[in-house]
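Trainee: Sequence:
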Amino acid sequence: MGDATRAAAEVPGAIWLVAPAGSVPQFTGADFTDDDRLYAKTAEDFVRNEVLPRLEEIESKAAGVMPALLKRAGELGLLMVDIPEKYGGLGLRKSTSMLVSEHGALCASFSVSWGAHTGIGTLPLVYYGTEAQKQTYLPRLATGEWLAAYALTEPGSGSDALAARTVATPEDGGYRLTGTKQFITNAGFADLFTVFAKVGGEHFTAFLVERSTPGLSTGPEEKKLGIRGSSTRQVILEDARVGADKVLGQVGQGHKIAFNILNIGRFKLGAGSGGAAKDCLAVALQYAKEREQFRRPIASFGMIQRKLADMATRIYVADSMSYRTAGLMDAASERLDPAAADYTERLVRESVEEYTIEASILKVFGTETLDFVADESLQILGGYGFTAEYPVERHYRDSRINRIFEGTNEINRLIIPATLVKRIGQGRLSYADFFQQVEHEIADRAAWPPPVTGPLQREIRAAEVAKRVIAYTARVLIERDLASLKDKQQHLEILANMIIDCYAMDSVVNRTRLLRGHGAPEDDELRLAMTNVFVSSANERVIDGARRLLVNELEGEELRKHLALEAIVPHMPIRTIAVKTRIAEALVARGLGPVFLR
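The numbering of the sequence shown is the working numbering, which starts it at 13 and goes up by one.
One should not assume that every hint holds.
Said to hold, decoys possible - Cut-off 30 Å, straight-line C-alpha distance, at most; resulting in silico cross-link-like pairs (DSSO-like, lysine-lysine):
#1 K573 / K498
#2 K146 / K268
#3 K236 / K83
#4 K258 / K83
#5 K73 / K235
#6 K53 / K146
#7 K434 / K498
#8 K268 / K98
#9 K83 / K146
#10 K83 / K73
#11 K500 / K268
#12 K210 / K268
#13 K210 / K73
#14 K73 / K53
#15 K98 / K53
#16 K83 / K235
#17 K573 / K210
#18 K434 / K573
#19 K210 / K301
#20 K258 / K98
In case anyone wonders, no lab produced these hints; they're calculated from the structure.
Go ahead and model the full structure; you've got the sequences and the hints to work with.
Mentor: Now the structure itself:
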């Protein structure tokens with residue numbers, strides 16, 4: 013990994029909200045090694061050559077097909093990416109793991125099953141298992157000898173995971189588990205389940221439960237809108253007895269496992285969504301180049317060009333945030349000593365929990381980008397997009413679940429401002445000083461930092477203003493009634509969207525700046541054009557969000573006073589129609605190429 017990752021080692025989560033735009037070191041994806049790209053190519057080749065040819069069998073849930081494909085993936089090393097070498101894995105960086113996940117995301121039924129095994133199915137053991145538990149299970153999970161599932165959701169508790177009713181009753185030398193888990197991926201064939209239950213009906217705890225455990229059974233396969241080839245069933249526990257050695261982590265600490273593993277799941281889901289979105293865009297682009305109407309390719313029509321440009325721009329921005337976050341997580345883990353007694357505890361705290369806000373942002377932005385791209389791609393293909401002849405139809409169906417699992421996008425939008433407010437209260441983010449700085453700048457425009465120069469000067473300025481608008485608006489909400497803020501979900505949703513756009517703006521501006529001069533001049537032009545377009549629209553959304561919050565929270569003279577905030581807002585007159593036309597023409601001429609890590 014390059015200098016950008018090492019320099020990011022001391023970057024705390026959400027610091028981009030107060031740091032000058034473009035000042036935080038950022039991993040851009042340009043530093044991937046040949047080995048990294050080989051791992052990714054292995055994943056993509058496997059899915060294209062061995063998974064997609066069996067799509068009809070997968071979609072019909074033909075017996076044994078999915079577990080056989082997962083075991084084959086194990087033979088290729090695709091199940092051991094995140095497992096430490098000590099336990100038979102590869103122990104690769106999170107950025108490499110993300111690249112592999114993205115390149116393998118061409119068939120959602122497979123990638124969901126694969127991700128459930130390698131992510132939420134295996135990582136609880138990696139981060140929280142005892143040495144004996146790791147030695148027993150991780151080598152088997154690394155090769156695919158055993159397959160894993162994660163059983164958290166229940167019929168009556170989805171987003172409110174801690175309201176689970178599954179009970180673990182203490183008995184001599186162990187526990188008796190009783191309850192039902194709902195919508196469990198890989199339940200039809202998993203050998204090992206991470207099951208959450210309340211010890212004594214009170215203490216939320218994780219357990220390792222083998223499939224052969226008497227009292228464990230599964231319900232029938234769910235009939236689903238999408239990801240039809242993945243196994244989704246209830247897991248039923250009827251007096252299933254496990255030994256005390258099957259407790260994962262500590263009794264009463266299951267919430268830490270659940271939430272931190274979900275953070276990683278969100279992070280990976282954002283990346284996987286980007287991979288599927290690129291596949292949709294590639295199909296739509298090729299079709300638009302070849303399909304002729306009115307004696308010309310439809311790629312030459314303005315509305316099709318707008319669609320191509322908007323899809324490409326969102327994907328480029330999603331990549332910018334995803335690989336930036338991966339670099340931060342890698343840097344945090346690389347500064348730790350693996351031999352230290354508290355290594356795993358610090359690894360979770362400093363490379364996973366620290367980036368809770370970023371993980372939720374990636375999940376929301378990535379999954380909504382995929383939905384947008386799948387929809388626009390289908391529209392470009394017209395009637396053909398509605399048929400199973402093209403993969404866009406499958407992506408359209410499969411993408412919908414992504415906004416629901418790993419925490420709904422609504423829940424993740426609540427997590428973003430809630431975590432921010434908590435960290436401000438803990439003093440983990442220097443927001444108080446930034447609040448004062450913003451107030452001073454509103455009162456005296458001369459107090460603003462001098463503008464930067466160069467091709468991204470407007471975009472950097474817009475990102476700077478977005479940070480100040482968010483800080484100012486957040487302060488108004490916090491100071492008026494902090495105690496009831498958590499119940500004002502419509503307010504928090506708007507604030508979360510502003511924060512998401514801010515991270516997106518800051519990430520894409522910085523990535524485009526850092527990559528200037530990497531590759532062909534045409535690559536620079538395309539990256540700059542997409543950055544222009546996105547920042548212009550995001551700037552408007554942030555300002556509009558602040559205005560809506562202030563108008564809905566304040567009135568009269570107090571409202572007029574706070575709307576003085578608009579004095580610092582820049583106007584960004586960008587000829588978006590012309591710029592989007594150039595983006596589309598560049599895509600038609602050159603394809604996705606290196607700009608999209610392809």
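Trainee: Confirm or reject each hint.
Mentor: To see whether the hints hold, each was checked on the structure:
1. K573 / K498: holds, 25 Å
2. K146 / K268: holds, 19 Å
3. K236 / K83: holds, 24 Å
4. K258 / K83: With a Cα-Cα distance of about 25 Å, the restraint between K258 and K83 holds, given a limit of 30 Å.
5. K73 / K235: holds, 11 Å
6. K53 / K146: It holds: about 29 Å lies between the C-alpha atoms, which stays within 30 Å.
7. K434 / K498: holds, 11 Å
8. K268 / K98: holds, 24 Å
9. K83 / K146: Holds, because 20 Å separates the two Cα atoms, which is no more than 30 Å.
10. K83 / K73: Cα-Cα ~16 Å, so holds.
11. K500 / K268: The hint holds at about 26 Å.
12. K210 / K268: Distance ~14 Å between K210 and K268 Cα, so the pair holds.
13. K210 / K73: violated, 33 Å
14. K73 / K53: holds, 26 Å
15. K98 / K53: Distance of about 25 Å is within 30 Å: holds.
16. K83 / K235: Holds, at about 25 Å.
17. K573 / K210: Not satisfied, since the Cα-Cα distance of roughly 51 Å exceeds 30 Å.
18. K434 / K573: OK: K434 and K573 at ~27 Å, within 30 Å.
19. K210 / K301: violated, 57 Å
20. K258 / K98: Answer holds: K258 to K98 is near 21 Å, not above 30 Å.
Hints 13, 17 and 19, counting from the list given before, are not met by this structure.
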